[in-house]
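Respectively, the protein sequence lines represent chains A and B.
All residue numbers for the first sequence refer to my numbering, where the first residue is 4 and numbers rise by one.
All residue numbers for the second sequence refer to my numbering, where the first residue is 4 and numbers rise by one.
In short, the hints are calculated from the structure, not lab data.
For glycine and all other residues, C-beta sits at the position ideal for the given N, C-alpha and C.
Any given hint might turn out to be false.
Claimed, not checked - Here are some chain A residues the structure puts well away from chain B; computed CB gaps all over 12 Å:
#1 E88
#2 W101
#3 T132
#4 G276
#5 E424
#6 E434
#7 H446
#8 T460
#9 K461
#10 D464
#11 G516
#12 A568
#13 S625
#14 D668
#15 A689
#16 P705
Said to hold, decoys possible - On the chain A side, residues computed to face chain B include the following (Cβ under 7 Å):
#17 E64
#18 P274
#19 S278
#20 E315
#21 Y648
#22 I650
#23 D654
#24 N655
#25 T656
#26 G670
#27 D698
As the list claims (entries may be wrong) - Simulated restraints on C-beta separations:
#28 G90(A) to G199(B): 57 to 67 Å
#29 R10(B) to R442(A): 35 to 45 Å
#30 P130(A) to R208(B): 53 to 63 Å
#31 G155(B) to P130(A): 55 to 65 Å
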Amino acid sequence: MTTSGRPIEVAVIGGGCAAVTAAFELTQPHHEGRFAVTVYQQGWRLGGKGASGRGKAGRIEEHGLHIWLGFYENAFAMMRAAYEELGRDPKTHPIATWRDAFFPMPHVGIADRLATGRWDEWMAHFPPTPGLPGDPLRSESPFTLASYVGQTAALLRTLLFDARTRGTPDGEPASVAALVERAARLVAAGALSVAAALSEALGVLTVALREFPAFPEALISRLIEDVAVAVREQLAGVVDLDPDVRRKWDVIDLAVSFLVGVVRHRLLSDPEGLSAIDRYDVREFLGANGASERTLQSGFVRALYDLPLAYEDGDPARPGLAAGQALRGALRMFFTYRGALFWKMRAGMGDIVFAPLYEVLKRRGVRFEFFHRLENIKLPQRLASGERPYVEALEFDVQAEVEGEYRPLVDVNGVPCWPSEPDFSQLVGGETLKAEGRRFESHWDRRRARAKTLHVTKDFDFVVLGVSVGAMPFVAREILERDPRWRAMVENVKTVASQAFQIWLDRDAADLGWTDPPIVLSGFVKPFDTWADMTHLSPQESWRVAPRHIAYFCNVLEDRGDPDAPDYEAAMREAVRENAVRFLKRDMHELWPKAATPGAFRFDWLIDPEGEGAQGEARFASQFWTANVNPSDRYVLMLPGTLRYRISPLDNTYDNLTLAGDWTDCGYNAGCVEAAVMSGRLAAHALSGTPRLEDIVGYDHP
Amino acid sequence: MVHEGERLHRPDPPRDRPIRDFPSYARNNAWGPRDGREDPVSQGVRLGYSVLDEQMREGQRLAERLRGGLRGQPPADLGALIERALNIYRDIGALAFAATEALARNTARAPAQEPPPPPRAAPGTAYAFEVKSSRRVGVKLDLRPGGRPQVGALQALNGAPAIAGVGFKAGALQLEIADDQPDGVYNAVVVDADSGEPLGTLTVRIPA
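One chain only, chain A, in its complex shape (with noise of 0.2 Å):
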C-alpha cells in the first residue's frame, strides 16, 4: 500500500491480450486489493487485435483467424484459471467452463504445388498428447535446447525406420560413461551407412542429450555431423519420386539441418542459446546449413512464414522470420504441445477470452473507461538530479460521454458477447454520433467529446502501455523525441497491415469437394494463404437457417496508397473485398473443386443474412471482410536482426512505467496471444514482483 493507504492506482491502457493480462495479474486475490486497476480502452470493446464482434444474424466478425496452439502454458492457465474464477452453472450456461470454450483440433494441413503445377493437401495428424495445457508442469522443464536437440534426433530415426529398431536405449537409463563408449565405437567404426549404426547413433545421440552437459559436448557434435552425413549423401538423390516421400524427406531435411545448424554455431552452450542466431533468416539459415532449395520452397516452410504473415511491408516477395525465434517456436509447437497441437475456440475470440475476463475483471473491482483514446504520454521538462525520468501525465480523447456506466455485453444464444458497433443508446447524443458515422476504432476518425488529462499521483501512480508499438509514434511522441531505444524499436520491430472475410454458405464440405476432415490449412496461394473451417460456430450464431458451411481465410495485406490520404481506410477495404472475390473466381477450385471453376464461384451459395439479396458476385457484400490497417492493428513481425531492440516489460527506464504486448522483449518474441499474455504477466511482475519470473513458463527458455 502507499504511505497514506490507499491503493497503488494503475492506469492500463490497451484493452488487447497483455493489457488484460496485466490487469488480471495485479488484482489476483494474493495482492488484497493492493493495486486498484483501470483500464483505458479506444472504442467499445476489449480484444486490441484479438477483439471479435457479433453482427448480422449473430454472426461472429473477427480481425482474422484465432487458433490457439497447444503449447500457450500461460495463455491456457490465465483462461483456465478466470472460467474457475467465474463459476458458470453449466446446467445453465452454454459455454460455462474452458473445455466448453476450447476444443482440441489435431489435423493441420500444408498445401503444396506440385511440379504439373496442381495443389496437392497434406494433411497431417498430430496424435494427443499427455496432459493439457495450462497444467502445472513437472519439476524437470521441458525447455531445454538438448531436450529438443534429442527430440528432433529420435524424430529422425522414427522418419527413417517407421519404428525403433532393435537395441534401442531410449527410456533406459544408462550411465554417462557407457554412453559416452558406445557413441566414440559408433564414430570409431565410421559405419553410418549402415541402417541399424544409423539407428543406433541416432538413439544413443538422443539419450546423450538429455544427459548434455555431462555429455561432451564435441562428440555429441561429431555425431550428429556424421549422422547429416549418412543421412543426406545416401539420401537425396532418390526421394525425389512420390508427393508422400518428398514430404518426409522434406521433414528430415530440415530437421538434419537444424541439427547441423545447432552444431556449427555451438548453440548448446551458447549464453544467447537460439537467440544467438536471431540475425539469420531462417531460409538462410536452414540452407547454410544443408537443406536444399526444394526443402527451403515446400509448403512446410511457407507455412512457416504465412502463419506469422512474415513479409515485410506485406509484400509476399519479402519475407523475413528471424531463424532463433522461428525455431523456437517450432519446437515448442511440435516437442512441447500438451493435449492437441492446435486448439479452436467455439465462438469468437471476443467471446471466449475478453468476455469472461472483462466479468472476472469487474469483479475483482476493476474499472473500465471505455471510449478513450490514448493522445500523448507526457514526460516532465525537467528531472532532479539523479532522478529517473518518469510518466507526468496521460493525455486522452474522450470519444463519447456515457450515460452512467457503459454497459459493454451483449447476448447471444446465452453467451455474453462484444457487438460489432457500439450501443449508440447508452452514448450522449448517441443518436447523433450514429448519424455522423462514427468509427470509434478508427485511426483516422480524430472527433471527440472533450480532452481528458490524467496527472501522476492524483489520477495514476503506475502506467501499464499496452498499445500496440504500431501506435507508438502516435502516442509516445515525447519518448521517441528523447530516447534513442524507443527510437530504434519502433523503427525495427516492424508491422504488417492484415486482410481476412469470411463466408457463409447453404452448402457443406462435400458439397463444395472437400472430403476431407475440417482443418486449417496453411501455405496456399496468395493473397489468402491460410483457410479455417469454421463450421463448428454455425450453432453460436443466431441465422434463421444455419449456414451448413463457414470458412475464414486471411494473410498479410500489402502496404499501398498513402495512410494520411483521406479516404485510405476505405480504399484498403475495398481492396480486400476485390482479392476476396478474385480469389475466389481464381483459385478457390483447388480446395473446392465443385463450388468452383477456374474463373467462377458458386455466389448463389453465400448466405445471405437479411435475405434474398444481391446475386452473383455482388451477392459477396453480404458476407464480412476486413482490411487490418490500423495501427494498433497491424501484426508484428519477427524480421532478421530486429529483435534485439524490443524493450521488456522489466526495463526500467521510466520508473513509473511498464510496457505490455507481444511486441516487447517477453521471451517469447512473436506476435501471438502466448507472447502478449507473458508480456502482461512481465508488466505485472515489474509493478509487483509476481508472478514470479520462474513461474512464467517458457521465459526462460533457450
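With the hints as your guide, set chain B onto chain A.
Only chain B this time, still in chain A's reference frame:
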C-alpha cells in the same frame, strides 16, 4: 517500493532478461551432474576426445567414399536407377524402401523397356532355383555373399495377392506360383535369418 514524497517508483527487478543458456539454467535449477559422476565423466571426456582425434581421418575417408560412390551416377536407364536405390536400401532402411517402391511404381507406368541384364553372381553364393509354375516366369535373385538367407512373401505394387510359396531350403530357392496368380512384378527383401539385416532382393516377373 520506494516512496519519494507521494510519487511511487518501480523497484529495479533482480534481472530483466530471460536465461537462455542451458548450462546456467541447469546450474540455477540444480540440474548439474549428479554426485558420484565425476570419475565416469572424466573418463568419458578423455575417451571421447581421444577417439575424435583418431577418427578424424577415418571420417574424411568415409565421406569421400560416399561422395564418390553416389554422386554423378546419371540415371541413364530406370533399371539402373532401381538397382542403385535397392543398394541404398540395404544401407539406410525404410525410407529408401518407400522411395524405391515409388520408383518401381513409376517404372511400371513407363513405356516397356528392355529388362536389365541379370547381375553376375558373386563368388560362393550359388543357389539352385526350384520353380513350380504352369506358366513361364522370370526370377531374379540378387544377393550379397554370406549370411543365411530368409525371404517372406513376394508383394506386388498393383494390389495382387502375394506369392507366399517361397523360401530357401538346402541351398535352393524354392518358388511355387499358383495358376491363377495375376500377371505382374513381385518383389521381396531377402534378409539374414540370424541378424535380420538385408542381404538382397528377389524379383519374380509373370508376363501377361
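Hints, verified against the model:
1. In this structure E88(A) is separated from chain B by more than 12 Å, as the shortest Cβ-Cβ distance comes to about 27 Å.
2. At the 12 Å boundary, the C-beta of W101(A) stays outside the reach of chain B, the nearest C-beta of that chain being 27 Å off.
3. For T132(A), the requirement that its beta carbon stay farther than 12 Å from each beta carbon of chain B is met, with the minimum near 23 Å.
4. Some Cβ of chain B comes within 12 Å of the Cβ of G276(A); the nearest lies about 3 Å off, and the non-interface call is violated.
5. The Cβ of E424(A) lies farther than 12 Å from every Cβ of chain B, with a closest approach of about 39 Å, so its non-interface assignment holds.
6. Chain B leaves E434(A) outside its interface by the beta-carbon criterion, the shortest separation being 43 Å against a cut-off of 12 Å.
7. At roughly 30 Å from the closest C-beta of chain B, the C-beta of H446(A) stays outside 12 Å, upholding its exclusion from the interface.
8. Distance check on T460(A): its Cβ comes as close as 5 Å (rounded) to a Cβ of chain B, failing to clear the 12 Å threshold; non-interface status is violated.
9. For K461(A), the non-interface assignment is contradicted: its Cβ lies about 9 Å from the closest Cβ of chain B, within the 12 Å cut-off.
10. Distance check on D464(A): its Cβ comes as close as 4 Å (rounded) to a Cβ of chain B, failing to clear the 12 Å threshold; non-interface status is violated.
11. Distance to chain B confirms G516(A) as a non-interface residue, since its nearest Cβ pair spans about 26 Å, more than 12 Å.
12. Once the 12 Å rule is applied to beta carbons, A568(A) is consistent with being away from chain B; the minimum gap is 41 Å.
13. Distance check for S625(A) against chain B: the nearest CB is about 47 Å away, which clears 12 Å, and the non-interface claim stands.
14. Against the 12 Å criterion, D668(A) falls within the reach of chain B, whose nearest CB is about 8 Å from its own CB.
15. The claim that A689(A) lies off the interface is violated: its Cβ sits roughly 6 Å from the closest Cβ of chain B, which falls inside the 12 Å cut-off.
16. A cut-off of 12 Å between C-beta atoms contradicts the statement that P705(A) is not in contact with chain B; the least separation is 5 Å.
17. Hint status for E64(A) relative to chain B: violated, with the closest Cβ pair at about 37 Å, above 7 Å.
18. A cut of 7 Å between beta carbons decides the hint on P274(A): the least distance to chain B is about 4 Å, and the hint holds.
19. A hinted interface residue such as S278(A) counts as satisfied when its beta carbon comes closer than 7 Å to some beta carbon of chain B; here the least separation is about 6 Å, so the hint holds.
20. With a least beta-carbon distance of about 26 Å to chain B, the hint placing E315(A) at the interface is violated under the 7 Å criterion.
21. A cut of 7 Å between beta carbons decides the hint on Y648(A): the least distance to chain B is about 14 Å, and the hint is violated.
22. Hint status for I650(A) relative to chain B: violated, with the closest Cβ pair at about 10 Å, above 7 Å.
23. Checking D654(A) against chain B: minimum C-beta separation of about 6 Å stays under 7 Å; hint holds.
24. Interface hint at N655(A): satisfied, since its Cβ lies 5 Å from the closest Cβ of chain B, which is below the 7 Å cut-off.
25. Look at T656(A): its Cβ only gets to about 10 Å from chain B, farther than 7 Å, so that hint breaks.
26. A cut of 7 Å between beta carbons decides the hint on G670(A): the least distance to chain B is about 4 Å, and the hint holds.
27. Restraint check, D698(A) versus chain B: the minimum CB separation of about 13 Å is more than 7 Å; hint violated.
28. Restraint check, G90(A) to G199(B): a C-beta distance of roughly 60 Å satisfies the suggested window 57 to 67 Å.
29. Distance hint for R10(B) and R442(A): a CB-CB separation of about 37 Å, consistent with the stated range 35 to 45 Å.
30. Taking the beta carbon of each, P130(A) and R208(B) are about 40 Å apart, not inside 53 to 63 Å as hinted.
31. A hinted range of 55 to 65 Å is violated for the C-beta pair G155(B) and P130(A), which are about 29 Å apart.
Hint compliance for this structure: hints 4, 8, 9, 10, 14, 15, 16, 17, 20, 21, 22, 25, 27, 30, 31 are broken, all remaining hints hold.
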